[in-house]
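J.: Listed below, chain by chain, are the residues.
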Amino acid sequence: MDAFLQNCLTGISIGSIYALIAIGYTMVYGILRLINFAHGDIFMMAGYFMIICMTDMMIPWYISIVIVIVATVLLGVCIEKVAYKPLRTAPRMSVMISAIGVSYFLQNFATYLFSAQPKSYPTIGFLSKSVQVGEISTTLVTFVTPILTILLVIGLVMLVKKTKVGMAMRAVSRDFETAQLMGIKINSVISFTFAIGCALAAIGSVLYFIPRSSVYPLAGSLPGLKCFVAAVFGGIGSIPGALVGGFLIGLSETFIKASAFSEFSDAFTFIILIVVLLCLPTGLFGEKIKEKV
Amino acid sequence: MLKIKDLHVSYGGIKALRGIDVEVPDGQIVTLIGANGAGKSTMLRTISGLVKAESGSVTYNDKELIGLAPNKILEQGIALVPEGRRVFPDLTVLENLRIGSYLRKEKADIEKDIQWVYSLFPRLEERNWQQAGTLSGGEQQMLAVGRALMSRPKLLMMDEPSLGLAPLVVQDIFSIIRTIHQQGVTVLLIEQNANMALKTADFAYVLETGHISKSGTGAALLADESIKEAYLGKKKA
Numbered sequence: 001m002d003a004f005l006q007n008c009l010t011g012i013s014i015g016s017i018y019a020l021i022a023i024g025y026t027m028v029y030g031i032l033r034l035i036n037f038a039h040g041d042i043f044m045m046a047g048y049f050m051i052i053c054m055t056d057m058m059i060p061w062y063i064s065i066v067i068v069i070v071a072t073v074l075l076g077v078c079i080e081k082v083a084y085k086p087l088r089t090a091p092r093m094s095v096m097i098s099a100i101g102v103s104y105f106l107q108n109f110a111t112y113l114f115s116a117q118p119k120s121y122p123t124i125g126f127l128s129k130s131v132q133v134g135e136i137s138t139t140l141v142t143f144v145t146p147i148l149t150i151l152l153v154i155g156l157v158m159l160v161k162k163t164k165v166g167m168a169m170r171a172v173s174r175d176f177e178t179a180q181l182m183g184i185k186i187n188s189v190i191s192f193t194f195a196i197g198c199a200l201a202a203i204g205s206v207l208y209f210i211p212r213s214s215v216y217p218l219a220g221s222l223p224g225l226k227c228f229v230a231a232v233f234g235g236i237g238s239i240p241g242a243l244v245g246g247f248l249i250g251l252s253e254t255f256i257k258a259s260a261f262s263e264f265s266d267a268f269t270f271i272i273l274i275v276v277l278l279c280l281p282t283g284l285f286g287e288k289i290k291e292k293v
Numbered sequence: 001m002l003k004i005k006d007l008h009v010s011y012g013g014i015k016a017l018r019g020i021d022v023e024v025p026d027g028q029i030v031t032l033i034g035a036n037g038a039g040k041s042t043m044l045r046t047i048s049g050l051v052k053a054e055s056g057s058v059t060y061n062d063k064e065l066i067g068l069a070p071n072k073i074l075e076q077g078i079a080l081v082p083e084g085r086r087v088f089p090d091l092t093v094l095e096n097l098r099i100g101s102y103l104r105k106e107k108a109d110i111e112k113d114i115q116w117v118y119s120l121f122p123r124l125e126e127r128n129w130q131q132a133g134t135l136s137g138g139e140q141q142m143l144a145v146g147r148a149l150m151s152r153p154k155l156l157m158m159d160e161p162s163l164g165l166a167p168l169v170v171q172d173i174f175s176i177i178r179t180i181h182q183q184g185v186t187v188l189l190i191e192q193n194a195n196m197a198l199k200t201a202d203f204a205y206v207l208e209t210g211h212i213s214k215s216g217t218g219a220a221l222l223a224d225e226s227i228k229e230a231y232l233g234k235k236k237a
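Protein chains in written order, with my numbering: chain A, 1 to 293; chain B, 1 to 237.
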């Protein structure tokens with residue numbers, strides 16, 4: 001029983017991080033109909049930014065986190081301006097190939113800058129503190145992660161549903177041209193969407209790398225793909241869907257790792273992708289194609 | 001006053017407009033009739049800044065509009081009700097109206113204008129919480145017009161507002177156009193329904209494959225034999 005609870009906690013915690021990254025995929029897809037394959041690598045770059053801030057420049061963690069979020073947002077917005085914006089009217093396939101190109105570029109650029117050797121990730125003292133709840137012992141970060149994620153998701157849903165900029169995002173995601181006729185600057189809305197996705201990826205990267213303690217240039221590749229699966233599972237385009245998808249992927253992965261098939265856990269994630277695409281192509285909360293009667 | 005001078009526009013590799021001259025004086029209803037593919041929509045989309053012009057000029061109160069972004073053109077007081085209504089289907093009726101006032105800041109005035117649009121279209125108030133995609137075609141057209149009015153335009157351009165609507169609804173739409181006009185909004189109307197358009201308009205232009213072939217008061221064109229034959233479906237006696 002204790003092992004079960006322990007696995008639940010671990011699964012929900014890693015699942016929340018997946019959810020934070022999956023939101024980046026889902027929001028960008030919602031607005032540009034683009035799977036931003038570079039998103040996992042942006043997450044990896046955020047890991048290096050944290051190492052530069054804390055290890056190399058000795059900046060305290062609370063300031064470092066702010067710098068990392070800002071730097072990651074700038075990176076994401078630049079990528080959008082350089083690699084995606086010029087292709088706004090191109091076929092969707094071209095933009096996707098551009099995204100794959102950016103992904104490989106970031107991986108190789110990171111290898112060039114930081115070498116392929118894993119670099120050790122700084123620790124944030126109080127987050128690594130161990131906590132004992134009944135028979136379960138874990139670190140504080142495992143508890144903080146899901147709570148923080150749920151708060152961020154609630155905030156994001158409120159932003160999209162209740163604010164003027166959220167309304168503009170929903171309008172742009174539906175119809176570029178008519179949104180322009182309303183006076184909405186679509187490029188600003190798209191940049192804003194990338195900024196939110198990257199800020200969440202930056203927060204996710206801090207929470208992800210603290211317990212794993214090292215970063216290497218391919219560190220964003222597999223988590224990125226898993227989060228993409230989470231976004232598809234939840235229904236790509238849906239923010240609550242990304243949260244649920246992230247939790248489910250995190251839990252299934254943790255339980256398989258705890259069983260006799262631990263080596264099989266990543267393969268299982270992608271089996272989920274195939275099954276979802278075959279049986280439930282719009283995911284759990286995806287937009288159903290509405291038919292007007 | 002909106003002045004279009006020698007406007008050339010290519011669209012999708014085709015020369016859609018080959019040097020047209022159109023004037024829309026303040027306080028009038030001006031209509032542009034013509035067959036499918038004559039370039040009517042292209043003209044409105046160029047004025048709105050959605051399509052780039054090749055050469056020529058479009059001025060509004062002597063300010064050049066060519067080269068301005070769509071949001072800047074809206075700021076000049078020119079709004080477009082696009083062809084096919086194009087309401088945002090998953091936003092509610094009220095949100096569609098609010099997004100029409102996107103560039104405006106004064107909250108109290110916006111609330112007042114929402115009431116004004118509701119007074120023009122009582123149907124929209126009854127359905128303000130519904131998703132716009134669930135409205136009927138006529139209601140969606142009302143919403144598209146109401147949404148454009150929420151920017152408080154001085155010049156309202158409408159691209160085929162009667163398209164695909166039942167005859168009774170078409171009459172409603174035209175009576176609404178007259179009401180809006182009486183409230184001081186200049187109207188530039190594009191129509192295939194030449195009969196209704198010419199009856200409503202102060203002045204009319206006929207657009208044929210990218211150039212203006214005729215112009216005159218609505219009444220004069222209604223009486224014109226060649227117009228009758230080509231656009232009103234009446235054979236010469």
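Among the hints, erroneous ones may be present.
One side of the interface only, derived from the structure: several residues of chain B facing chain A at Cβ under 8 Å [as the list claims (entries may be wrong)]: (1) Ala108; (2) Arg152; (3) Gln192.
No more than 30 Å apart at the CA atoms, straight line, and that leaves these computed lysine-lysine pairs for BS3-like [claimed, not checked]: (4) A:Lys164 with A:Lys185; (5) B:Lys63 with A:Lys162; (6) A:Lys85 with B:Lys72; (7) B:Lys3 with A:Lys164; (8) A:Lys185 with B:Lys72; (9) A:Lys185 with B:Lys105; (10) A:Lys161 with B:Lys72; (11) B:Lys199 with A:Lys185; (12) A:Lys185 with B:Lys154; (13) A:Lys164 with A:Lys85; (14) B:Lys112 with B:Lys5; (15) A:Lys185 with B:Lys63; (16) A:Lys164 with B:Lys5; (17) A:Lys185 with B:Lys228; (18) A:Lys85 with B:Lys15; (19) B:Lys15 with B:Lys5; (20) A:Lys81 with B:Lys154; (21) A:Lys161 with B:Lys105; (22) A:Lys164 with B:Lys105.
Don't read these hints as lab results, they were simulated from the structure. In this text the structure is predicted, and so the values were computed from the model without any measurement. Glycine is no exception: its CB is placed at the ideal position from the N, C-alpha and C atoms.
J.: None of the hints should be skipped; say for each whether it holds.
T.: Hint check:
With a cut of 8 Å, the hint placing Ala108 (chain B) at the interface with chain A is violated, because the nearest CB-to-CB distance is about 16 Å. Below 8 Å, beta-carbon pairs count as interface contacts, and Arg152 (chain B) has none with chain A, the closest being about 12 Å; its hint is therefore violated. A cut of 8 Å between beta carbons decides the hint on Gln192 (chain B): the least distance to chain A is about 21 Å, and the hint is violated. The straight-line distance between the Cα atoms of Lys164 (chain A) and Lys185 (chain A) is roughly 13 Å, inside the 30 Å bound, and the hint therefore holds.
Among the hinted pairs, Lys63 (chain B) with Lys162 (chain A) is inconsistent with the structure: their alpha-carbon atoms are about 37 Å apart, more than 30 Å. In summary, the hint linking Lys85 (chain A) to Lys72 (chain B) is supported, as the alpha carbons are separated by about 21 Å, within the 30 Å threshold. Between the alpha carbons of Lys3 (chain B) and Lys164 (chain A) the distance comes to roughly 34 Å, so the proposed pair goes past 30 Å and is violated. Taking the CA atoms of Lys185 (chain A) and Lys72 (chain B), the gap is about 10 Å. The hint holds against a cut of 30 Å.
At roughly 16 Å between alpha-carbon atoms, Lys185 (chain A) and Lys105 (chain B) fall within 30 Å of each other, so this suggested pair holds. With a C-alpha separation of about 26 Å, the suggested pair Lys161 (chain A) and Lys72 (chain B) falls inside the 30 Å cut-off, and the hint holds. For the hint pairing Lys199 (chain B) with Lys185 (chain A), the CA-to-CA distance comes to about 38 Å; that exceeds 30 Å, so the pair is violated. Restraint check for Lys185 (chain A) and Lys154 (chain B): the C-alpha separation of about 21 Å stays at or below 30 Å, so the hint holds.
Of the pairs offered as hints, the one joining Lys164 (chain A) and Lys85 (chain A) holds, with about 23 Å between alpha carbons and a cut-off of 30 Å not exceeded. Only pairs whose Cα atoms come within 30 Å are accepted, and Lys112 (chain B) paired with Lys5 (chain B) is rejected, the gap being roughly 37 Å. Taken as a hint, the Lys185 (chain A) and Lys63 (chain B) pair is honoured in the structure, with Cα atoms around 21 Å apart against an allowance of 30 Å. For a cut-off of 30 Å, the pair hint linking Lys164 (chain A) to Lys5 (chain B) is broken: about 38 Å separates their Cα positions.
Pair hint Lys185 (chain A) plus Lys228 (chain B) does not hold up; C-alpha atoms about 44 Å apart against a cutoff of 30 Å. For the given pair, Lys85 (chain A) sits about 27 Å from Lys15 (chain B) by alpha-carbon distance, which is consistent with the 30 Å threshold. For the hint linking Lys15 (chain B) to Lys5 (chain B), the alpha-carbon distance of about 16 Å falls within 30 Å, and the restraint holds. Using a Cα cut-off of 30 Å, the hinted pair Lys81 (chain A) and Lys154 (chain B) is violated, with the two alpha carbons roughly 35 Å apart.
Of the supplied pair hints, the one linking Lys161 (chain A) and Lys105 (chain B) holds, its CA atoms being roughly 19 Å apart against a limit of 30 Å. With a C-alpha separation of about 11 Å, the suggested pairing of Lys164 (chain A) with Lys105 (chain B) holds against the 30 Å cut-off.
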